[in-house]
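Following the hints, put chain B in place on chain A, whose structure we already have.
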Amino acid sequence: EAQVTQNPRYLITVTGKKLTVTCSQNMNHEYMSWYRQDPGLGLRQIYYSMNVEVTDKGDVPEGYKVSRKEKRNFPLILESPSPNQTSLYFCASSLKRTGTLSNQPQHFGDGTRLSIL
Amino acid sequence: SQQGEEDPQALSIQEGENATMNCSYKTSINNLQWYRQNSGRGLVHLILIRSNEREKHSGRLRVTLDTSKKSSSLLITASRAADTASYFCATDVGSGGYQKVTFGIGTKLQVIP
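Residue numbers (our numbering), protein chains in the order written: chain A, 1 to 117; chain B, 1001 to 1113.
Excised from the complex, chain B in its bound form:
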């Protein structure tokens, strides 16, 4: 089963609005990362948040992490048509040696001009 599950699976908004995507996971994590995938392309890393952090910002992106609820959210402010893509959360799990990363199913975001 998937470690991370994004919600909603699809989201359609108007340009200029904010977009919020959520990710829930099942086991304790070390880090959580968000990736973006444009149609027909590979994933691109957006932002990482560590398990001891609660919020992180990068440009128009804001990520929160609530380890008690095992959930994270990605907020894209003032969305643009170019933000249209699928967004995935990825969790890092493990201790000591190799840290396994598991991807969620993704949220497909459409920003309408």
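Pulled out of the complex, with its shape left as it was, chain A reads as follows:
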């Protein structure tokens, strides 16, 4: 089954304790992206990756890191989490989003709810 898998689904942690949210897709997609969803603000893009070893900042990258060493995986790293990073996080993937393939629909994971105390 084609899917985007995020882990963990829920996490409560404390300020300053490094954490990683994993994201894996099995559709051989080039493009992957991380979003956070907050009430009244919709989905905001954190980072995206056009392909292996190619990553770039989205609209709200501060406090986050990503890496893309393999095509299927795109982990989100919070080196020193703070309470303002409490949010619902989504990973998404699609075929490449350039040129004539710019309209590719994104496939989303089921989300990771992070609470940082």
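Just so you know, the hints here were simulated from the structure itself, not pulled from any lab data. Please note that a few of the clues may not be correct.
Quick list of in silico lysine-lysine cross-link-like pairs, DSS-like style, CA-CA up to 30 angstroms [said to hold, decoys possible]:
#1 A:Lys69 / A:Lys17
#2 A:Lys69 / B:Lys1100
#3 B:Lys1100 / A:Lys57
#4 A:Lys71 / B:Lys1100
#5 B:Lys1108 / A:Lys57
Structure of chain B alone, referenced to chain A:
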């Protein structure tokens, strides 16, 4: 600021009625897509309309696009309780290389059985 903004933010209708949601955006776009999000789940792609199209249908969904007004609407006909979800518009902006997609805030639809 958000590229796409949905209106209304919340909508409650009876089963069998039609539901209309609107999306306005600020800059010229290449495509506009609608997504659905069930409570506690990720977004699911519904339909895409290109900037040179005015209307598109998919099952009970009808999407219109008015580029002169920078707006789109999503109509769900003969709604069902299972249509209860949040609906988001997403705009594709850019030329040549990477096309950035920006999501709106969403419309929360409740269909009452």
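Tell me the hint numbers this structure goes against, listed in increasing order. Those not satisfied: there are none.
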